[in-house]
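Chemist: So you can see what is in the structure, the chains are spelled out below.
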Amino acid sequence: MSSTFCFSGPEGLKSTEHPIVFIHGTGMDHTVWTLPIRYFLRKKRNVLGIDLPGHGRSKGKLLRTIPAMAEWLINYLDKLNVKEFSVVGHSMGSLIALETAALAQKRTKNLVLVGTAFPMAVSEALLNYAKDNKSEAIDILTFMGYSNPARLGRNTNPGIWMTGSTKKLLEKSGKGVIYQDLRACTEYGSGFESAKKVSANTLLILGKKDFLTPPLKANDLIKSFNNPEVKVIADSGHTLMIESPNTVLDYLIEVL
Amino acid sequence: MKDPKELKPDTLSLHAGQRPDPTTGARATPIYQTSSFVFDNSEIAAGIFNVERTGHVYSRITNPTNSVLEERISALEGGIGAIATSSGQAAMHLAISTIMDSGSHIIASNCLYGGSHNLLEYTFPRFGIDTTFIDFRDIDLVKKSFKENTRLVFGETLGNPGLDVMDIETISSISHDNGIPLLVDSTFTTPHLIRPFDLGADLIFHSATKFLSGHGVVIGGLLVDSGNFDWDKSGKYPQLTEPYEGFHNMIFTQEFGPAAFISRARKEGARDFGACMSPHTAFLVLQGIETLGLRMDRHVETTVKIVDYLNNHDLVEKVIYPTLPSHPDHNLASKLLGKGCGAVFTFELKGGREAGKAFIENLSIFSHLANVGDAKSLVIHPASTTHHRMDEDSLKKAGISEGTLRLSIGLEDREDLINDLELGFGAVKKISK
Chain C
1 MSSTFCFSGP
11 EGLKSTEHPI
21 VFIHGTGMDH
31 TVWTLPIRYF
41 LRKKRNVLGI
51 DLPGHGRSKG
61 KLLRTIPAMA
71 EWLINYLDKL
81 NVKEFSVVGH
91 SMGSLIALET
101 AALAQKRTKN
111 LVLVGTAFPM
121 AVSEALLNYA
131 KDNKSEAIDI
141 LTFMGYSNPA
151 RLGRNTNPGI
161 WMTGSTKKLL
171 EKSGKGVIYQ
181 DLRACTEYGS
191 GFESAKKVSA
201 NTLLILGKKD
211 FLTPPLKAND
221 LIKSFNNPEV
231 KVIADSGHTL
241 MIESPNTVLD
251 YLIEVL
Chain L
1 MKDPKELKPD
11 TLSLHAGQRP
21 DPTTGARATP
31 IYQTSSFVFD
41 NSEIAAGIFN
51 VERTGHVYSR
61 ITNPTNSVLE
71 ERISALEGGI
81 GAIATSSGQA
91 AMHLAISTIM
101 DSGSHIIASN
111 CLYGGSHNLL
121 EYTFPRFGID
131 TTFIDFRDID
141 LVKKSFKENT
151 RLVFGETLGN
161 PGLDVMDIET
171 ISSISHDNGI
181 PLLVDSTFTT
191 PHLIRPFDLG
201 ADLIFHSATK
211 FLSGHGVVIG
221 GLLVDSGNFD
231 WDKSGKYPQL
241 TEPYEGFHNM
251 IFTQEFGPAA
261 FISRARKEGA
271 RDFGACMSPH
281 TAFLVLQGIE
291 TLGLRMDRHV
301 ETTVKIVDYL
311 NNHDLVEKVI
321 YPTLPSHPDH
331 NLASKLLGKG
341 CGAVFTFELK
351 GGREAGKAFI
361 ENLSIFSHLA
371 NVGDAKSLVI
381 HPASTTHHRM
391 DEDSLKKAGI
401 SEGTLRLSIG
411 LEDREDLIND
421 LELGFGAVKK
431 ISK
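In order, the protein sequences belong to chains C and L.
Each residue of the first sequence is one higher than the last, beginning at 1 in this note's numbering.
Each residue of the second sequence is one higher than the last, beginning at 1 in this note's numbering.
Among these hints, one or two may not hold up.
Claimed, not checked - Result set (BS3-like, lysine-lysine): computed pairs, CA atoms no more than 25 angstroms apart in a straight line:
hint, chain 1, residue 1, chain 2, residue 2
1, C, K59, L, K236
2, L, K267, C, K172
3, C, K61, L, K233
4, L, K5, C, K175
5, L, K335, L, K376
6, L, K350, L, K429
7, L, K267, C, K44
8, L, K8, C, K172
9, L, K5, C, K209
10, L, K144, L, K396
11, C, K196, C, K109
12, L, K233, C, K59
13, L, K236, C, K172
14, L, K5, C, K43
15, C, K208, L, K5
16, L, K5, C, K172
17, L, K233, C, K172
18, C, K131, L, K5
19, C, K209, L, K8
20, C, K134, L, K429
21, C, K59, C, K14
22, C, K175, L, K147
23, C, K134, L, K8
To be verified - Covered stretches of chain L (in silico footprint by chain C; criterion: 3 or more residues with CB under 8 angstroms from a CB of chain C, positions within the stretch not fixed):
hint, stretch
24, 40 to 50
25, 59 to 68
26, 258 to 272
Worth flagging that the hints you see were computed from the coordinates, not collected in a lab.
In this text the structure is predicted, and so the values were computed from the model without any measurement.
Even glycine gets a Cβ: it sits at the ideal position worked out from N, Cα and C.
Produce the entire structure from the sequences given, and follow the hints as far as they go.
Modeler: Below you can see the structure in the form of structure tokens.
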């Protein structure tokens, strides 16, 4: 517990009543969710911006599979005495959110998957780069993580170079973290079955120009859910919260 | 799958931070000459103020034209973000004021631009920030100069005016061993000649007045954050790691991760000190950066020829330029500055102050003024102008004598420049008779 970092605002978590749980993607941490977290805090909602074990500010051993990460999350929420919650995940975090919603059916009120697909297998070449901690792995994740136009910048967040900040965040991840995360995504096999078990309101937010999880690769997953809502952001790539932060927030507000 | 890579510098110089304007289709970056920006409604206004939505509020803090420039310099330097300021001095002030309080200490190179020297030697002590000036070539001295309250190490890629080449790798390594970031003034080199972040620097500032804009028409500065320095691990920067009352107890490292520094610099420094860049200035700097690579190559090429010409002239005591084997940092320059050592250098005329005066006053293409990095060639006498507040001892340490002249080589025809210098030498010959 104490080795886990969770951002709940400057004053910490005030109540465990129906928090919104935000889960980051491969090699990242809770800071990718700072903007929506700040919105929900202003609205007096309880928020948990999680750094997964071995990520960001959290200590602890890396978890090797998506189900193990989901079990860890549920265990973490149990220890906080959280009864019901909503969960939002990006990329690898979306798979963790999906698995969590399947394992904790009754407790999960809303499920939001951002930049998702199933299967989420990555190429052997990328895995090998990541295994050897080569910079190519970070380059691929960074530059394929954005739409082609966004690689030129024009961030709506003034003065921040999008690919530069994503690359830096990935570079700060510990040795082996990216490899373990990518392997967990690749090996995750129960996406369709888990989606069928989900009873929460479900929203998928996809980027039309996403190279890593193209909307086409989410089609079968979408069909596995019971009446999900799907939003496709036309101008966005995979890193939707950075490329289209205001649109993503608007969609989150609608469902959460 | 072809492995994607960062776009190359010549492409970034033209495109980073900008795409055709979605409303008008304008290809060039529009000048958003407005003080403020209309909110769609009260809720969105509250969201932008609370940093939960992105957008612009007021041009003192952000402006869309400036944002393009900030992204472009970040991309070229390999950084994560930047802030455009009203001058290079303002950028330096913003860097220091973001992470230093009264009672803290800076270790700085003793070969600095006169304005930077003034700020550190005379002005900041009034606010309780002291500086120790040392020779960065003396690595043992650098190591010994850290105090308990040291919070910043600062130098220039090419020191002013002796063109001391900073060993950025070594200095940054020592700084990091002490839990302190390295701030580098990269004005003379620009990202075309060297990228200090690749060598370990943590923060960079530019006087964009110089080579970045390149045409002597604006005053502006840029402060760039590498996102590399681990403020939490250092434990010496409560400005970034502890709640900031001025912004709802925000802890910058917790909320912005690698962008903690640049976020505080904007949310506090840009907001409260207000040394912002005009959008029109940002536009002109962007125009300059579009041709940065082409211009810098030409600046350097002509400079090397003129250095050679001067180095073989009877009336020249010595030329100080790092490509010359006589320069103390010749080997380091060969290692770090493969594309060249810039276009600003000094030389010492035989005949002292009077010779210098006669030389300058008889040039016609070189302009006698207090600037460098213009497309037009420039000349100045540092002892009586840019460094006139330094005492004799400080001047000597900075490598300046009565006969020292500084040239900034522009983009004119090389032969015309040499002919102009001949006019100066002709005048020196007359007075020496």
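Chemist: Now tell me if each hint is right for this structure.
Modeler: Here is what the structure says about each hint:
Only pairs whose Cα atoms come within 25 angstroms are accepted, and K59/C paired with K236/L is accepted, the gap being roughly 22 angstroms. The straight-line distance between the Cα atoms of K267/L and K172/C is roughly 24 angstroms, inside the 25 angstroms bound, and the hint therefore holds. A C-alpha spacing of about 20 angstroms is found between K61/C and K233/L, which places the hinted pair at or below 25 angstroms, so the restraint holds. Pair hint K5/L plus K175/C holds up; C-alpha atoms about 21 angstroms apart against a cutoff of 25 angstroms.
With a C-alpha separation of about 29 angstroms, the suggested pair K335/L and K376/L falls outside the 25 angstroms cut-off, and the hint is violated. Straight-line distance between C-alpha atoms of K350/L and K429/L comes to about 10 angstroms, which keeps the hinted pair within the 25 angstroms bound. As the CA atoms of K267/L and K44/C are separated by approximately 23 angstroms, the hinted pair is consistent with the 25 angstroms bound. A C-alpha spacing of about 23 angstroms is found between K8/L and K172/C, which places the hinted pair at or below 25 angstroms, so the restraint holds.
As the CA atoms of K5/L and K209/C are separated by approximately 18 angstroms, the hinted pair is consistent with the 25 angstroms bound. Restraint check for K144/L and K396/L: the C-alpha separation of about 23 angstroms stays at or below 25 angstroms, so the hint holds. For the suggested pair K196/C and K109/C, the alpha carbons sit about 15 angstroms apart, so the restraint of at most 25 angstroms is met. Taking the CA atoms of K233/L and K59/C, the gap is about 14 angstroms. The hint holds against a cut of 25 angstroms.
Between the alpha carbons of K236/L and K172/C the distance comes to roughly 20 angstroms, so the proposed pair stays at or under 25 angstroms and holds. Restraint check for K5/L and K43/C: the C-alpha separation of about 40 angstroms exceeds 25 angstroms, so the hint is violated. With a C-alpha separation of about 21 angstroms, the suggested pairing of K208/C with K5/L holds against the 25 angstroms cut-off. Taking the CA atoms of K5/L and K172/C, the gap is about 19 angstroms. The hint holds against a cut of 25 angstroms.
For the proposed pair K233/L and K172/C, the alpha carbon gap of about 13 angstroms is at most 25 angstroms, so the pair holds. A distance of roughly 19 angstroms separates the Cα atoms of K131/C and K5/L; the hinted pair therefore holds under the 25 angstroms criterion. Taken as a hint, the K209/C and K8/L pair is honoured in the structure, with Cα atoms around 22 angstroms apart against an allowance of 25 angstroms. Straight-line distance between C-alpha atoms of K134/C and K429/L comes to about 62 angstroms, which puts the hinted pair past the 25 angstroms bound.
Straight-line distance between C-alpha atoms of K59/C and K14/C comes to about 23 angstroms, which keeps the hinted pair within the 25 angstroms bound. Distance check on the hinted pair: K175/C and K147/L sit about 33 angstroms apart at the alpha-carbon level, beyond 25 angstroms; violated. Distance restraint check for K134/C and K8/L: the Cα-Cα separation of roughly 20 angstroms lies within the 25 angstroms cut-off, and the hinted pair is therefore satisfied. A count of 3 residues in the stretch 40 to 50 of chain L with a Cβ less than 8 angstroms from any Cβ of chain C is obtained; the coverage claim is therefore met, three being the minimum.
With a threshold of 8 angstroms between beta carbons, the proposed coverage of the stretch 59 to 68 of chain L by chain C holds, since 6 of its residues qualify and at least three are required. Residue count for the stretch 258 to 272 of chain L with a Cβ under 8 angstroms from a Cβ of chain C: 4. That meets the three needed, and the coverage hint holds.
Consistency with the previously given hints fails for numbers 5, 14, 20 and 22, ordered from lowest to highest.
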